[in-house]
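Novice: Just so you know, the sequences run in chain order A and B.
Using my numbering, you'd call the opening residue of the first sequence number 50 and step up by one each time.
Using my numbering, you'd call the opening residue of the second sequence number 50 and step up by one each time.
Heads up, some of the hints might be wrong.
The list treats identical chains as interchangeable, and a pair is accepted whether it falls inside one copy or across any two copies.
The calculated DSSO-like cross-link candidates involving lysine-lysine, where the alpha carbons are at most 30 Å apart (straight line), are [said to hold, decoys possible]:
no., residue 1, residue 2
1, Lys357, Lys315
2, Lys71, Lys239
3, Lys71, Lys52
4, Lys236, Lys87
5, Lys71, Lys280
6, Lys281, Lys71
7, Lys52, Lys281
8, Lys357, Lys140
9, Lys281, Lys145
10, Lys315, Lys87
11, Lys71, Lys329
12, Lys71, Lys87
13, Lys57, Lys89
14, Lys146, Lys236
15, Lys239, Lys315
16, Lys236, Lys315
Since the hints were derived computationally from the structure, they do not count as laboratory data.
Read off the chains here:
There are 2 protein chains.
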Amino acid sequence: MEKIQQLKERFDAFINGVDFIKVPSGLYDPIAYTVLQKGKRLRPMLCLLACDMFGGEFNEAKYPALALETAHNFTLIHDDIMDQAPLRRGKETVYKKWNINQAILSGDAAMVTAFDFAMRTHRPLEVVALLNQVMIEVCEGQQYDMSFETQATVSIPEYLEMIRLKTAVLLATSLKVGAVVAGADEKDQKCLYDFGIAFGMAFQLQDDILDCYSDVAVFGKVTGGDIVENKKTMMYLKALELASPEQRGRLEDLYLGDIAVNSQRKVDEVLALYDELNVKDAVEQLMAEYFRQATVALDAVSLPEERKEHLRRYAEMLSGRQK
Amino acid sequence: MEKIQQLKERFDAFINGVDFIKVPSGLYDPIAYTVLQKGKRLRPMLCLLACDMFGGEFNEAKYPALALETAHNFTLIHDDIMDQAPLRRGKETVYKKWNINQAILSGDAAMVTAFDFAMRTHRPLEVVALLNQVMIEVCEGQQYDMSFETQATVSIPEYLEMIRLKTAVLLATSLKVGAVVAGADEKDQKCLYDFGIAFGMAFQLQDDILDCYSDVAVFGKVTGGDIVENKKTMMYLKALELASPEQRGRLEDLYLGDIAVNSQRKVDEVLALYDELNVKDAVEQLMAEYFRQATVALDAVSLPEERKEHLRRYAEMLSGRQK
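Okay, chain A solo, but in the shape it has when bound (with noise of 0.2 Å):
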C-alpha cells in the first residue's frame, strides 16, 4: 500500500509540475484544466505499477505514464462532445465550459502533446508505437459505441468487443509501456497485456453498474446518465436477455421512448426493471469472472509473488471502487 501511496503522490507532484499552460492560453487552459484534475490517475498508475515491477525506473516511465494520461484525457473532451456530457469528474465538461470548437480544438492538441511526452524515455520508438496502435483502437471503440445508439439491436459479445477497444485496450498498454521501459521480456509483456485487458473489462463493467447506483457526489457523472442518453450497457443488455417478453416490451418502449416519460420517471422505471431481473447481480458475476481471469494473467508473470504485490493490491482496490 505504501508503494502505491508513494508512486500515486510521485506522480501528481511530477504532473504538478509540467508547463500546461502556455500561449495561446485559450488552447492550452482546458487542456490544463483536464490533465491537472484530481482523479485515480489510472493509466499512469498502471504504467508506473508495472515497470516498478520489473525493476525499472520511475524516471523513464513518468512521461511515458503522463503521455497515456494526456491521451485519456484527449478522449474524454472528444468523446463529452459527442455523448454531450455536461459533468466529468463532478466538474462541467471542456465544452460546457468553454465551447465546442474549443473542445474539439484543445482535444487536438491534447493528442498531439501525448505524443510529443511518448518520446520521451529511452525507448520513444516502442511507446510511440505502441501509443498509436491503441489510439487508433480507443477510436474504433468509440465510433462502435456511437453507431450502437442508432442500432437497433446490440448483441452482448458486441457490446464486449466494443468495451475492450474503448476502455480494455489503453489500460492493456499502460501495463505494457510500463513493462517495455522497464525492460521485461515479450512474454511478460503479454501477460501484464492481457491481465489489463481483463481487469479494464472488469473496470468498465462496474462503470456500467456505477452509473446506475452511485452517489452523484461520489461518481462525479450524473447517476443514470446511461439510461438517459439510451446507452445500451451491459446493464441494459442483461436486463434484455433476462427478462419476460413482457418486461422486454417494457424496457424497450422505456428506452425508444414510446412512453413518454421525463427524464427522472424513466430512470426509476428502468432501475426498478433491473432489480426485478437482478441484473446488477448478474453484470457483477460477470465482472467477478474478468477479475478473476485478470489474476490468472498476473500470475502468469515470471516474477516472484513479492514483487507483483503492489499491482494486486491496486486491481483488488479498485475492484471495490465506488467512484
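We have chain A; now place chain B onto it with these hints.
Specialist: Leaving out everything else, chain B in the frame of chain A:
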C-alpha cells in the same frame, strides 16, 4: 516538369493503393473520402521533391509524405467543423456529408493514422518528432485564427504569425522531412525549411486573394467565403490600412454587421471597396516579396542548380495557380 509529373503520378499510384477502407466503416470512410480526393497533394509533393533533390529514395519518403497529407487532412476535417464550411475542393465537407460527431472522431483517427505512417521510414524518430512539433504549431495557428474572429482588432504582424503557424510551418516541415529522409545536412535542412516558410506565406496570401476573385468551379470553395464569415484576412487588413476614415468605417460596418445586408450584397460591397483601394495589388506585392525570399533560401542550399530545378519550377508553377 517531367520529374514533377512523374513524382505526382508515383505518389498518386501509391496513395490509391493504401488500404484506407477498414472496419468500422463509419470511422474510416470519411478518412478515405478526404485523403483520396484528387488535389494538388502539395505537402507530399514538397516532401518528395526535397527528398529527390538530395538523392533520397522515393520509397523512404512515400510514407512520411503520406503522413503529412493525412495530418493535413485531419486539420481540414476539424477546421471545417469549426468554420462551418460546407464545401472543400468542390465537394461537401465531412461534417456536412456525415455529421459533426463523425467528423470529430474520423479527424482524430486520421491524426493517429498520420503518426503511424510517419514511422514507416528508416528515420522514424526524426520524422515523428517533426510531425509532432508541426502539428502543435498548426493547432496554435488555428487557435489564433479562431480568436481573431472575436478579437476587435488584428494587426498585420499578428495575422502573419497566425498564417505562419496555420499554413507555412506544415509546408516547411514537409520539405524538411524530405531532406531528413534523404540524409541532407542540418544547414541544408534549415535552408529548405526557410524556403518553405516564405513559400507558405506567399501561398496563403494567394489563397486570401483567390478567395475574393476566383471562380467557385475552379477554386472549389465558395467565392467571398472569407468575407461572409468576417474572416480578417490580409485583404481585409490591408484594406483597413489603406482606407480613409470614411472607407474604414464602411468596411468595419460591413464586417461587424451594423448594416443589415444579405451575404451576396455584403460580398459585392466589400469587393467594391477592395477595388477602390487597390487592395489586390498591395497583397500581390507582399506575396511577391515572400516568393522572392523563398528564392533566396533555395539559392542557399548547397547543391548544384540543376538539382534544385524541379522544386524551383514547382514553386513557380504554384505561384501562378488559380485554385
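Novice: Work down the list of hints and note, for each, if the structure agrees.
Specialist: Results of checking the hints against the structure:
1. Lys357 - Lys315: neither (45 Å within a copy, 70 Å between copies)
2. Lys71 - Lys239: between (38 Å within a copy, 26 Å between copies)
3. Lys71 - Lys52: neither (33 Å within a copy, 43 Å between copies)
4. Lys236 - Lys87: neither (34 Å within a copy, 46 Å between copies)
5. Lys71 - Lys280: between (37 Å within a copy, 25 Å between copies)
6. Lys281 - Lys71: Between. Shortest inter-copy distance 24 Å satisfies the 30 Å Cα cut-off; intra-copy 40 Å does not.
7. Lys52 - Lys281: neither (38 Å within a copy, 55 Å between copies)
8. Lys357 - Lys140: Cα proximity of Lys357 and Lys140: none, with 35 Å in one copy and 56 Å across.
9. Lys281 - Lys145: So Lys281 and Lys145 pass the 30 Å test inside a copy (24 Å) and across (27 Å) alike.
10. Lys315 - Lys87: Cα proximity of Lys315 and Lys87: none, with 32 Å in one copy and 50 Å across.
11. Lys71 - Lys329: Neither, since 46 Å and 36 Å both go past 30 Å.
12. Lys71 - Lys87: Within one copy only: 20 Å inside, 37 Å across.
13. Lys57 - Lys89: Within. Shortest intra-copy distance 9 Å satisfies the 30 Å Cα cut-off; inter-copy 50 Å does not.
14. Lys146 - Lys236: Answer is neither: 45 Å inside a copy and 46 Å across each miss the 30 Å cutoff.
15. Lys239 - Lys315: neither (43 Å within a copy, 63 Å between copies)
16. Lys236 - Lys315: Neither: 48 Å inside a chain and 67 Å across chains, both beyond 30 Å.
Going down the numbered hints, you'll see the structure goes against 1, 3, 4, 7, 8, 10, 11, 14, 15, 16, while the others check out.
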